[in-house]
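*Asks:* Starting from the known structure of chain A, fit chains B, C and D onto it as the hints suggest.
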Amino acid sequence: MTIRLRLFAVAKDLAGFHEKHIELPDASTAGDVLAHLANIDSRFSRWGSCMRLAVNQEYVGPDHKLCHDDEVAVIPPVSGG
Amino acid sequence: MTIRLRLFAVAKDLAGFHEKHIELPDASTAGDVLAHLANIDSRFSRWGSCMRLAVNQEYVGPDHKLCHDDEVAVIPPVSGG
Amino acid sequence: MIQLTSLPIDIEAVIDCVKAPETGAVDVFIGTTRDQTAGRKVTALEYETYEPMALKVMERVAGEAGGRWSLGRIAIVHRIGRLNVGEASVIIAVSSAHRAEAFEACRFLIDKLKQEVPIWKREFFADGSVEWSGQTPESAPARGGL
Amino acid sequence: MIQLTSLPIDIEAVIDCVKAPETGAVDVFIGTTRDQTAGRKVTALEYETYEPMALKVMERVAGEAGGRWSLGRIAIVHRIGRLNVGEASVIIAVSSAHRAEAFEACRFLIDKLKQEVPIWKREFFADGSVEWSGQTPESAPARGGL
Chain A
0 MTIRLRLFAV AKDLAGFHEK HIELPDASTA GDVLAHLANI DSRFSRWGSC MRLAVNQEYV
60 GPDHKLCHDD EVAVIPPVSG G
Chain B
0 MTIRLRLFAV AKDLAGFHEK HIELPDASTA GDVLAHLANI DSRFSRWGSC MRLAVNQEYV
60 GPDHKLCHDD EVAVIPPVSG G
Chain C
0 MIQLTSLPID IEAVIDCVKA PETGAVDVFI GTTRDQTAGR KVTALEYETY EPMALKVMER
60 VAGEAGGRWS LGRIAIVHRI GRLNVGEASV IIAVSSAHRA EAFEACRFLI DKLKQEVPIW
120 KREFFADGSV EWSGQTPESA PARGGL
Chain D
0 MIQLTSLPID IEAVIDCVKA PETGAVDVFI GTTRDQTAGR KVTALEYETY EPMALKVMER
60 VAGEAGGRWS LGRIAIVHRI GRLNVGEASV IIAVSSAHRA EAFEACRFLI DKLKQEVPIW
120 KREFFADGSV EWSGQTPESA PARGGL
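Protein chains in written order, with numbering that gives the first Met the number 0: chain A, 0 to 80; chain B, 0 to 80; chain C, 0 to 145; chain D, 0 to 145.
Chain A on its own, in the form it takes in the complex (with noise of 0.2 Å):
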């Protein structure tokens, strides 16, 4: 299937890239996102465990199962305000 990844402030900097379509094998989930990131860049382990996932803009746990043509987000620790 295909998603639409979209990456934001320092998930943004360490990949290069804003938005990409990516492919992944059938039934991965949100995880496996950020899985993917981690081979494309080793520093997206180290970020892994407060980088929270977004499906079609809500946030979701890691085992989220992705279906074909869905928005995902990685969103870094948030500092708004």
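No wet-lab data here; the hints were simulated from the structure. Incorrect hints may have been included.
Below, a sample of chain A positions facing chain D; criterion: calculated Cβ distance under 7 Å [unchecked claim]:
1) P24
2) A72
3) G80
Below, in silico cross-link-like pairs of lysine to aspartate or glutamate (EDC-like), each with a Cα-Cα straight-line distance of 16 Å or less [unchecked claim]:
4) K55(C) to E70(B)
5) K18(C) to E11(D)
6) K111(D) to E57(A)
7) K11(B) to E86(C)
8) K113(D) to D34(D)
9) K55(D) to E57(A)
10) K64(B) to D31(B)
11) K19(B) to D62(B)
12) K18(C) to D34(D)
13) K40(C) to E21(D)
14) K11(B) to E130(C)
15) K40(D) to E21(C)
16) K11(A) to E86(D)
17) K40(D) to E130(D)
18) K18(D) to D34(C)
19) K18(C) to E86(D)
20) K111(C) to E57(B)
21) K55(C) to E57(B)
22) K55(D) to D31(A)
23) K11(A) to E47(D)
24) K18(D) to E86(C)
25) K111(C) to E63(C)
26) K19(A) to D68(A)
27) K64(A) to D40(A)
If you're wondering where the values come from, they're calculated on a predicted model, not measured in any experiment. Glycine included, C-beta positions come from ideal geometry on N, C-alpha and C.
*Replies:* Only chains B, C and D this time, still in chain A's reference frame:
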């Protein structure tokens, strides 16, 4: 001794004046001012328990001893805000 | 900034006065006049004050807040005289480095203002009657005195 | 009024938007950008957001506050893009009939915003370095994930 008596809000309405010099016996207390007003208008007796007193712009208890030339204010329940 | 004013309160000016580059949080309380009291329609209001004492008490409660919390600046401005419904009657603004302190101090200040500062509200009702707000001898708890 | 804006926040307009004649209390929280972080001088800041999700989360937390307290209106406006030191980055305004509810809801909303809303601050330091604020893997508690 002479004091400068100042009345506000409902106290002013009951007494019919805002400010007046009044004569009190020596060694009078702040509470004596309320007794003096109750003599002018008996409705002050009903209000007595919720009127506070201030001498020279500071709250005092009814036993506070007055001095000549003190500014004594009768403070009905406040309702600012 | 501790003030009583008979002019409409310039809310933005009050807020600007407490802002400082080293304090990131500002909490502001604004009291506005309501269009009804206990179900009766109010058309206008008037605030009376014992001005020198009100200013003294406002300064004292601001000092108390400054002693209890680590704050930047404090502003307390109360409107006096005739007001229309919906106008701001009071504004309290507090700045601090951390937001918890700004919130707590601001709430402390409005609570104290409503208990201690000699200001009285008179409401003009649609039925033509005019009444001082708040406690009456019938509703009030005894406080000593007579 | 739930908004992200790249223009300076008009504080008075936001406050006016929550005022209503039946609600006498308004509490307002304003966050302003500070001139230093951990002792290092900051010269400017930039806020990035994931806009559609940020708006969704802001709407959700406003709904949660409306469920917990009896409120009039709620406004949450966050600034996005480049800011100078001392500018307002966020304003939250809540009106209610009773002040306790306005204070509690406003504090709840700024706490939730800081925990949940996808907005990120980047600070530009006087020494030329530029850093994303907040937790790093070293400072953060584990949250699961990888």
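*Asks:* Confirm or reject each hint.
*Replies:* Each hint tested on the structure:
no.	hint	in the structure
1	P24	violated (17 Å)
2	A72	holds (6 Å)
3	G80	holds (4 Å)
4	K55(C) to E70(B)	holds (15 Å)
5	K18(C) to E11(D)	holds (15 Å)
6	K111(D) to E57(A)	holds (15 Å)
7	K11(B) to E86(C)	violated (26 Å)
8	K113(D) to D34(D)	violated (19 Å)
9	K55(D) to E57(A)	holds (8 Å)
10	K64(B) to D31(B)	holds (10 Å)
11	K19(B) to D62(B)	violated (22 Å)
12	K18(C) to D34(D)	holds (12 Å)
13	K40(C) to E21(D)	holds (11 Å)
14	K11(B) to E130(C)	holds (13 Å)
15	K40(D) to E21(C)	holds (11 Å)
16	K11(A) to E86(D)	violated (26 Å)
17	K40(D) to E130(D)	holds (12 Å)
18	K18(D) to D34(C)	holds (12 Å)
19	K18(C) to E86(D)	holds (9 Å)
20	K111(C) to E57(B)	holds (15 Å)
21	K55(C) to E57(B)	holds (8 Å)
22	K55(D) to D31(A)	violated (25 Å)
23	K11(A) to E47(D)	holds (11 Å)
24	K18(D) to E86(C)	holds (9 Å)
25	K111(C) to E63(C)	holds (10 Å)
26	K19(A) to D68(A)	holds (12 Å)
27	K64(A) to D40(A)	violated (23 Å)
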